[in-house]
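Student: Letter by letter, the chains look like this.
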Amino acid sequence: MSDESFEPTVIGFTCNWCSYRAADLAGTARVKYPPNIRLIRLMCSGRLDPTFVLKAFSSGADGVLITGCHPGECHYLEQNFKALRRFHLLRRTLQGLGLEPERVKLVWASAAEGVKLAHEIASFVEEIRALGPLHWGGNGSNQSAVISGQSTAHAFKEVPA
Amino acid sequence: MTQDNGNSQDVQERIGVYVCHCGTNIAGTVDVQQVAEWAATRLKRRGVVIGRDYKFMCSSLGQELIENDIKELGLTRVVVAACSPHLHEATFRNACQRAGLNPYLCELVSIREQVSWVHTDKVAATVKSQAVVSGGVERVLRHEPLEPLRVPIHPATLVVGGGIAGIQSALEIADAGYRVYLVEREPSIGGHMAQFDKTFPTLDCSACILTPRMVQAGAHPNITLLTYSEVEKVDGYVGNFVVTIRKKARKINEELCTGCGICQEKCPVKIIDDVYEAGLGYRKIVYTPFPQAVPKFPVMDVENCTYFKKGTCKACEKFCPTNAIDFNQQDEVFSVEVGNIVLATGYDLFDARRVTNYGYGRLPNVFTSLEFERLSNAAGPTNGSIVLRDGKTVPKAVGIIHCVGSRDRNFNNYCSTICCMQGLKFAHLVHERTGATVYNFYIDMRTAYKAYDEFYQRVLEEGTLFVRGKVAEVTDVPRIKDEEGHLIIQCEDTLAGKQRRIPVDMVILSIGLQPRADAKETAKKFGLSCSADGWFIEKHPKLDPVATMTEGVYIAGCAQGPKDIPSSVAQGAAAAARVLGKIQQREMALEPVRASINQDQCSGCRICNNLCPFNAILFHDDRMVSEINPALCQGCGTCVAACPAGAISGTAFSNEQIMAQIEGLMLLNVGEEITL
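If you read the sequences in order, they're chains A and B. FYI, in our numbering the residues of the first sequence are 1 to 161. FYI, in our numbering the residues of the second sequence are 1001 to 1676.
Since the hints were derived computationally from the structure, they do not count as laboratory data. Hints should not be assumed to be uniformly reliable.
Stated by the list, open to error - In the PhoX-like style, the derived pairs of lysine-lysine whose C-alpha atoms are separated by at most 25 Å in a straight line are:
| no. | chain 1 | residue 1 | chain 2 | residue 2 |
| --- | --- | --- | --- | --- |
| 1 | B | K1539 | A | K116 |
| 2 | A | K32 | B | K1055 |
| 3 | B | K1542 | B | K1524 |
Unchecked claim - Not close to chain A: a few residues of chain B, all C-beta gaps over 12 Å, as computed:
| no. | residue |
| --- | --- |
| 4 | N1068 |
| 5 | R1112 |
| 6 | E1186 |
| 7 | K1198 |
| 8 | R1213 |
| 9 | F1319 |
| 10 | V1477 |
| 11 | G1527 |
| 12 | A1595 |
| 13 | M1624 |
| 14 | G1637 |
| 15 | E1663 |
What the hints assert, rightly or not - Listed next, the stretches of chain A that the computed footprint assigns to chain B, with coverage defined by at least 3 CB atoms under 8 Å from CB atoms of chain B:
| no. | segment |
| --- | --- |
| 16 | 87-95 |
| 17 | 98-110 |
By construction, the Cβ of each residue, glycine as well, lies at the ideal position given by its N, Cα and C atoms.
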């Protein structure tokens, strides 16, 4: 599905208290991960409006990684559970839109889990690489890829129109 | 999206982009000059008027560079590409403020922790840095000038928990001249420390050092002591809490009672005291838990009182010389206003019955550490003689088992911190008072802190025997004649490399500490969170150990995690210092990261109402709209994301800002050529 030169672009949403600090820790510890991810800091994974994810896709991202505190460790008590709820709904919605739901992933990472976050980023980039480019946003010439169903044929099968 | 994404209109803002080398930390992987030049040329139409790179942006010279540009070039926005905002966001915000620019119009984007330190490919790292800068530029364009929220601080403080940590905290604040409400749910303050006999490593008598503090707290003109009371509800926010307290009916009129104790003496019913005497002694129905109790007023155990059960007796009332007994007294519920709260709610002991193979509750001569404290206490049920459950036999051999319920995957993973020293203290006391042979069974001996290891050496020299290994079983089933009539401790001696069976007369389980059974409820009441183990979580494990994520609520003592008396006292004092600092400021500034509801757009659907764990969202029944109390709002933004009408907006993290940042970040695709 993917051509060899394909380098996916991934947007990552992080929580100010845990996963952003995990990213800081990965940096301080010099743990390497692919440069395909670009992180955005939110105060909490509960702040993640699902439209942010759609916006990322429509702006040309091939995958979106959502990260937050482990369940029970939210700095705002329980807001990561709300993120979890929205995540499941969002994946169903994406499937309905004809997108592979695997293009969105939710990962819990505490402030101490820099290595874990780096590994999760690396494996998610590979998962997206395997899925191939999304071509949802970006240049007009590629925009029809989803619509024509070429790169996401199986998604169409899963969700009959 | 290599072009400027259709945003061809020029923007009004004047943005400065500053790219830090951080020595070679960033410049070693990222072509910083390229990034700065790229921003100045390619992002010109997005308002960037200057792009600079500098060796150390955080140095005073680097900051001056920004300050001068703000003044000379009339910058209205600043983007700094450097390290994590958790490190230097405040530095650059302050620089902007000094130059007359609102500090919230500065955005720090991380190209060190998130780029140069984690990537190796120079080209890819440079492209990513450009994307990150572009994201920052788009975001900062949507920033608004913000002012910190200012709220007044009420000078009174609520301290919950009258153990040593709470007492210390209350005394420090009261001594500084401010009102303290000290709430304790038991009839007396003192906490667990009041039950102990000796304290390690100095072997001071626990009561001798504690009771003067209790008396001081009880008599302090600035301390309102509310024992036999519980916090029912907490409303409000930092500086302005309204706390509802239930003062349970003691059935004693405190104004008339002199604490003479005649009612206790005359009460004809005796029951086992499961709380203070750990089930080893008795108490009356009208009782003070121990002679030095503060306050001196007794309480009536209504559940077990003959009068309340059968309607007759009233012996206490007949003999009370001041007519202080009041069978009709009801609970009092009232509220107090405070500016800050210290939670020092302490711990529960691990239930030794859960480790069934140690036989506690089944084998009579297996004791818990608390039971042993009461046994060896001169004021305890045996007047301090260490005897078996029969009340007379002095043990000839005693086994002390460490880490019961702690450092054990089946129970609690954590180390309870105090049990090693407690076990050593018991070994010393048994040795001193009975001359018995003492065995300590330990996994690792943990005797950190001042004079602790010296105490260990002393106990070693006294002849206590140490067996390293986790005890498998305590049994009363003998295999050989010598074991008959004894408890046998089956254990692997990992130093000798063999299994051992050691017959003893008494086993003491050095049980661990665990969070209060109702810690989760308490946490919810006060807006705190608990760790996976159930302890209250501090704001920062190293640098902010007594503050919490809820402004104005502090934690001290074992509520935060297992700790010994000196650490509990230190935390109590530390929390007091933090509270006093707040009171002295009279008002405080809160980060303006807050959500607010546009009243015109709100449809009154109330979806947001249940999402807020801080109860910051009020619903106005009359106008059918919701409103957010900015002082209660912690800025998580969950309601912003949930509002179907888009009526809620979050400052510093608005939809527009995040959307713009996404667009900016996607300006360059991965693998794209760098173009100038």
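Student: Could you run down the list of hints and mark each one as holding or not?
Tutor: Against the structure, the hints:
1. B:K1539 to A:K116: holds, 23 Å
2. A:K32 to B:K1055: Holds - the C-alpha atoms of K1055 of chain B and K32 of chain A are around 24 Å apart, at most 25 Å.
3. B:K1542 to B:K1524: Roughly 24 Å separates the two Cα atoms, so the pair holds.
4. N1068: Its Cβ never comes within 12 Å of chain A, the nearest being 29 Å, so this holds.
5. R1112: Answer for R1112 of chain B: violated, closest chain A Cβ roughly 6 Å.
6. E1186: About 28 Å separates E1186 of chain B from the closest Cβ of chain A, which puts it past 12 Å; holds.
7. K1198: Label holds. Min Cβ-Cβ 38 Å, cutoff 12 Å.
8. R1213: holds, 34 Å
9. F1319: holds, 52 Å
10. V1477: Holds, since 42 Å exceeds 12 Å.
11. G1527: violated, 7 Å
12. A1595: Nearest chain A Cβ is 9 Å from A1595 of chain B, so the label is violated.
13. M1624: holds, 24 Å
14. G1637: Nearest chain A Cβ is 3 Å from G1637 of chain B, so the label is violated.
15. E1663: violated, 5 Å
16. 87-95: That given contact is violated, which follows from only 0 residues of the segment 87-95 of chain A lying within Cβ reach (below 8 Å) of chain B.
17. 98-110: violated (count 0)
The structure does not agree with the numbered hints 5, 11, 12, 14, 15, 16 and 17 stated previously, though it agrees with the rest.
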